[in-house]
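Chemist: Generate coordinates for the entire structure from the input sequences, incorporating the hints supplied.
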Amino acid sequence: MAGTEAVKLQSEARVLRSDSDRQGARAFALRFVNGDDIAKLLVTASAVLILVVTMALVYELWVNSHLSREKFGWDFLFTKTWDPNAAQFGALAFVFGTCVTAFLALLIAVPLGVGSAIFLSELAPPRLSNALTFCIELLAAVPSVIYGLLGVFVMMPLIKSYLHPLLKGTLGWTPLFSGPFYGPSMLAAGIVLAVMVLPFIVSVSRQVLLAVPNDQREGALALGATKWESTWKVVVPYAKRGIYGSIFLALARALGETMAVTMVVGNTPQIKASLFAPGYSIASVIANEFTEATFDLYVHSLIELGLVLFALTIVINGLARILVSSTSRFSVNAG
Amino acid sequence: MTEAKRLRSRHLVNNIMLGLTGVCTVFIASVLLFILGYLFINGARNLDFAFFTELPKPVGESGGGMANAVLGSAKILAMATVIGVPIGFLGGVYLAEYGNKSFAFVVRYVTDLLNGVPSIVIGIFAYTLVVLCVINYDSDRSAQHGRVPPGRAERAA
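In order, the protein sequence lines correspond to chains A and S.
According to the numbering used here, the first sequence is numbered sequentially starting from 1.
According to the numbering used here, the second sequence is numbered sequentially starting from 1001.
Since the hints were made in silico from the structure, they are not lab data.
Everything numeric in this text was worked out from a predicted model, so none of it was measured.
Ideal Cβ placement from N, Cα and C applies to all residues, glycine included.
It cannot be assumed that every hint is accurate.
[As the list claims (entries may be wrong)] Partial pick of chain A residues on the chain S-facing surface, computed with a CB cut under 8 Å: (1) Ile50; (2) Val110; (3) Leu112; (4) Leu120; (5) Leu139; (6) Ala252; (7) Ala287; (8) Thr313.
Modeler: Below you can see the structure in the form of structure tokens.
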């Protein structure tokens, strides 16, 4: 019906167009009355706008870090002096802190998350699996500041009284676990991040494991494999790329996490081997110092840190999307 | 004999590993329950109507509320919704209705990437876009002129 009306309106428009300019304008408007064209224009404009915003983001980060880029060049990434008073800025301590906390988080979260995903996809009855998955995905909805608070008030005392003596007693001879524990530390940040990224690993890994065809499981079982052997040697390798994808997604989250890390990492720009020592991360230093950056080079250095973080997450996210979408056809929504 | 032993050890591994996956799940779920429980037990007893309707009292006085923070969050959320929801929704409609060409692929990919960009980077973007246009943060100059903050005109000069 809309179609015939559109044809009528268009023919009317054609007649009208031959009249004066004013009528031509009216005809032009009439062509749009049926709405399809307007709708298409509107939604396309929105889609284009999303691209424009992303490009503007890159552009702004690039342009507003030019002072620091020109002054320090690539050395910015490889010097560890961060001294606003001397106008010397190097990102190494922050890059180190970001990478160590994120890596530590993955070290804890990946075995837990993948194990849990195996349970939810292979063992649990569907109803229980769905309920538990819903619960675990709720973890992703908890604001990061709450993780930070719990990290400070609950986790740090626990580490101090239980985990630190244990690690010190057994592994204290390695540089990783030497020195005193005051509370805010790389270890605390790593554990908080691990809890924060677990939901992403569990939910995406479970999806890709569920997407593995049942033939694979049945084939392995028919050959005499136990349930675990069929899961670990057949199902998990089949879903391997998707699981890697979920890990990369988690890594990107861990690298960019700001609030919770700032509250527990100690905010000290130093490079120490010990996990008990306080550190700093890229996102934390931006959050802490952005408002008090008093001269242009300072601001530009912080924005360049943002650029580094952006590049890092874009690359890792891109890899994750490619890996995940190559195993399963549904789109992954990490948000 | 050894075959039977082998079988038994395989079953043992089976049970242990499958049990461990269950332990993982219980652990993660209990973390969630702990967080919810902790917030509820420590937070709920301090909640009352005044918490949402009154302004904070000076440090040291008891009572007061978080009305300013609640209102601030609501305002920011409202603005974000007004700007973000139409664009996001219409963009989504575009992807669903016209989304089988290469341009749609690019849009979807970029949206996914944007979803993963850390919030602090988006914060910098908003800062450069909005704040830098309005205020010049150069404190030396504002100190010389004895006023804060110098406007855009001075920045241009």
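Chemist: Against each hint, give a clear statement of whether it holds in the structure.
Modeler: Going down the list of hints, with the structure as the test:
1. Taking 8 Å as the C-beta contact cut-off toward chain S, the hint placing isoleucine 50 of chain A at the interface holds, the least distance being around 5 Å.
2. At a threshold of 8 Å, the smallest CB-CB gap from valine 110 of chain A to chain S is about 11 Å, leaving the interface hint violated.
3. At about 5 Å, the closest approach between the beta carbon of leucine 112 of chain A and any beta carbon in chain S falls short of 8 Å, and the interface hint on this residue holds.
4. Taken as an interface hint, leucine 120 of chain A checks out: its beta carbon lies about 6 Å from the nearest beta carbon of chain S, inside 8 Å.
5. Annotation: interface hint on leucine 139 of chain A holds; nearest CB of chain S at approximately 5 Å, less than 8 Å.
6. For alanine 252 of chain A, the suggested interface contact is upheld, since its CB lies about 5 Å from the closest CB of chain S, less than 8 Å.
7. With a least beta-carbon distance of about 6 Å to chain S, the hint placing alanine 287 of chain A at the interface is held under the 8 Å criterion.
8. For threonine 313 of chain A, the interface hint holds, since its Cβ comes within 8 Å of a Cβ in chain S; the closest pair sits about 6 Å apart.
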